[in-house]
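Asker: Sequence:
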Amino acid sequence: MAKEKPSIPKGTRDFLPIEISRRNYVFNIIREVYQLYGFKPIETPAMENITTLMGKYGEEGDRLIFKILNSGDFLSGLPDELLDSKKSSKIGLRICEKALRYDLTVPFARYIVQHQHKLSFPFRRYQIQPVWRADRPQKGRYREFFQCDADIIGSDSMLNEVELITIINDVFSKLGIDVVVKINNRKILAGIVEKIGHADKFNQITNIFDKLEKIGIDKVNEELAETGIENKVIDSLQPLFYMDAAYEQKVEYLNKILRSSEPGMEGLEEIFEIFEMLKRINIDCEVDLDISLARGLNYYTGTIIEVKAKNVDIGSICGGGRYDDLASLFGMDGMSGVGISFGADRIYDVIKEKDLFPENIETFTQLLIVNFGPKEQNYCLSISKELRESGISCEIYPDHSKIKKQMQYADKNNIPFVLMIGEEEMRTGNLSLKCMKSGKQTTLKKSAIAGYISGNC
RNA sequence: GUGGAUGUAGCUCAGUUGGUUAGAGCACCAGAUUGUGGUUCUGGGGGUCGUGGGUUCAAGUCCCAUCUUCCACCCCA
Numbered sequence: 060m061a062k063e064k065p066s067i068p069k070g071t072r073d074f075l076p077i078e079i080s081r082r083n084y085v086f087n088i089i090r091e092v093y094q095l096y097g098f099k100p101i102e103t104p105a106m107e108n109i110t111t112l113m114g115k116y117g118e119e120g121d122r123l124i125f126k127i128l129n130s131g132d133f134l135s136g137l138p139d140e141l142l143d144s145k146k147s148s149k150i151g152l153r154i155c156e157k158a159l160r161y162d163l164t165v166p167f168a169r170y171i172v173q174h175q176h177k178l179s180f181p182f183r184r185y186q187i188q189p190v191w192r193a194d195r196p197q198k199g200r201y202r203e204f205f206q207c208d209a210d211i212i213g214s215d216s217m218l219n220e221v222e223l224i225t226i227i228n229d230v231f232s233k234l235g236i237d238v239v240v241k242i243n244n245r246k247i248l249a250g251i252v253e254k255i256g257h258a259d260k261f262n263q264i265t266n267i268f269d270k271l272e273k274i275g276i277d278k279v280n281e282e283l284a285e286t287g288i289e290n291k292v293i294d295s296l297q298p299l300f301y302m303d304a305a306y307e308q309k310v311e312y313l314n315k316i317l318r319s320s321e322p323g324m325e326g327l328e329e330i331f332e333i334f335e336m337l338k339r340i341n342i343d344c345e346v347d348l349d350i351s352l353a354r355g356l357n358y359y360t361g362t363i364i365e366v367k368a369k370n371v372d373i374g375s376i377c378g379g380g381r382y383d384d385l386a387s388l389f390g391m392d393g394m395s396g397v398g399i400s401f402g403a404d405r406i407y408d409v410i411k412e413k414d415l416f417p418e419n420i421e422t423f424t425q426l427l428i429v430n431f432g433p434k435e436q437n438y439c440l441s442i443s444k445e446l447r448e449s450g451i452s453c454e455i456y457p458d459h460s461k462i463k464k465q466m467q468y469a470d471k472n473n474i475p476f477v478l479m480i481g482e483e484e485m486r487t488g489n490l491s492l493k494c495m496k497s498g499k500q501t502t503l504k505k506s507a508i509a510g511y512i513s514g515n516c
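Basically our numbering = 1-based index in the first sequence + 59.
FYI, nobody ran anything at the bench for these hints, they're computed from the structure.
Virtual Cβ for every residue (Gly too), placed ideally from N, Cα, C.
Please note that a few of the clues may not be correct.
As the list claims (entries may be wrong) - Ranges of calculated distance between the beta carbons of each label pair, as one might list FRET restraints: (1) Gly390 with Lys198: 35 to 45 Å; (2) Glu321 with Lys198: 37 to 47 Å; (3) Lys198 with Met485: 53 to 63 Å; (4) Asn341 with Ser319: 30 to 40 Å; (5) Ser135 with Arg447: 53 to 63 Å; (6) Gly510 with Asn108: 55 to 65 Å; (7) Ser216 with Asp237: 25 to 35 Å; (8) Ile462 with Lys69: 40 to 50 Å; (9) Val172 with Tyr301: 40 to 50 Å.
Model the full assembly from the supplied sequences, consistent with the hints where possible.
Answerer: In structure tokens, the structure reads:
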């Protein structure tokens with residue numbers, strides 16, 4: 060048999076125990092905060108019917124959905140002319156009925172429509188599961204990664220937006236990450252585009268706005284001019300592009316130019332409400348109204364939110380927004396929802412880069428019991444049972460190897476304590492406990508061990 | 001999907017205008033030390049140089065293709 064070099068698909072990763080434990084640290088903090096706000100956990104399958112996903116994320120999104128080939132003789136029913144046409148996307152839809160989920164929001168919309176009779180609205184759920192995107196991988200961009208979503212569906216209130224923002228604040232302050240939360244509203248963008256008379260070019264224009272931070276104000280103006288917007292109009296937009304302008308100034312200016320735009324004023328009113336509420340509660344992290352923030356999947360209709368870590372170049376680590384029409388795509392009207400999604404893997408990368416993981420999460424086993432031989436091993440069996448019953452995570456070294464080797468094992472596995480029970484200890488009942496960090500050894504009766512370790516961990 | 005870079009031991013990398021048997025550090029294993037790890041010393045194992053073709057007396061080195069990883073665009077968490 061030919062030897063195969065082992066590998067995994069590009070953009071996917073294996074995880075070491077230490078990496079899992081660090082990732083769980085991130086998950087646990089997010090989960091705790093979600094539960095503190097009354098969100099309930101749900102799960103959905105890794106794969107959805109392909110029709111559930113296609114067309115929900117825009118053209119680019121469709122391309123990035125992983126499709127699952129049908130089982131069986133999937134080509135037999137295809138007309139020859141379709142096969143001969145070699146149009147992959149069309150053939151793909153005929154031979155793939157399932158696809159891996161691209162995010163957690165669209166499956167959630169499907170979920171609430173299907174289970175509406177078992178749920179009471181407004182419904183707040185959280186969901187921590189992996190998603191898959193057929194993107195080309197690079198730094199902070201994976202083909203399989205975890206999203207941690209929280210959504211409130213069935214309520215139009217801006218209070219929901221405010222709660223989500225405070226959740227973002229709580230999570231990142233617990234993780235010790237310095238972030239800036241950017242907020243915008245699609246209705247404001249629609250109003251601006253409408254006022255400058257290019258409502259038909261919404262995507263093109265907002266896309267250019269979005270590049271502001273990256274390419275700078277001059278290039279943005281250049282690109283806007285290329286789309287056919289008159290210089291006079293571009294000049295009138297300039298105040299919006301000064302990122303560090305105070306919130307009040309931006310709102311005042313928007314009030315002027317959006318006066319006769321119904322969606323524009325509506326969006327502005329929503330933003331105003333959010334910021335008024337935020338003023339009532341103290342929030343540590345920076346929250347900015349950023350008119351250049353345009354991103355977000357196609358389904359967002361109102362508020363859009365994006366969070367970036369300061370001083371780390373990794374794209375957004377959390378994003379979200381309000382979607383009024385998502386459930387109606389599955390046949391349930393009047394169900395506005397708003398949600399956020401933490402990108403656990405990017406958050407992991409930020410914490411790693413900033414070296415912010417706490418040390419104690421690297422300990423798995425607290426105590427190793429050295430194995431001196433068959434007699435001692437038998438004696439240790441009951442000791443390990445008692446220690447575990449007292450909540451001490453411990454293991455007996457499985458072989459009668461040299462002590463040196465067993466100590467090395469403890470050292471490499473970051474086990475803080477080693478218990479040595481040889482002939483002498485068995486006879487006297489005075490057990491030798493070594494603290495690996497200090498190198499000090501103490502003699503204890505077995506009943507005192509659990510207490511000693513708990514007190515010194 | 002478009003463009004650019006990269007690939008040599010488990011990891012990080014040297015390797016001259018093409019020229020004997022491809023090196024180092026770290027990691028691993030063994031010993032110095034038969035009841036004591038993390039430091040030190042000694043020794044050892046480990047590479048068909050990403051893969052497939054081509055040029056040449058001779059290729060890790062040059063050419064082509066392909067894959068991987070990384071970077072930019074696009075898009076996004």
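Asker: Determine for every hint whether it applies to the structure shown.
Answerer: Comparing the hints with the structure gives:
1. Gly390 with Lys198: 35 to 45 Å: Holds: the Cβ-Cβ distance is about 41 Å, inside 35 to 45 Å.
2. Glu321 with Lys198: 37 to 47 Å: Given about 42 Å between the Cβ atoms, the range holds.
3. Lys198 with Met485: 53 to 63 Å: Since the Cβ atoms of lysine 198 and methionine 485 sit about 56 Å apart, the hinted range of 53 to 63 Å holds.
4. Asn341 with Ser319: 30 to 40 Å: holds (37 Å)
5. Ser135 with Arg447: 53 to 63 Å: holds (58 Å)
6. Gly510 with Asn108: 55 to 65 Å: holds (57 Å)
7. Ser216 with Asp237: 25 to 35 Å: About 29 Å separates the Cβ atoms of serine 216 and aspartate 237, which means 25 to 35 Å holds.
8. Ile462 with Lys69: 40 to 50 Å: holds (45 Å)
9. Val172 with Tyr301: 40 to 50 Å: Since the Cβ atoms of valine 172 and tyrosine 301 sit about 43 Å apart, the hinted range of 40 to 50 Å holds.
In this structure, none of the earlier numbered hints is contradicted; all agree with it.
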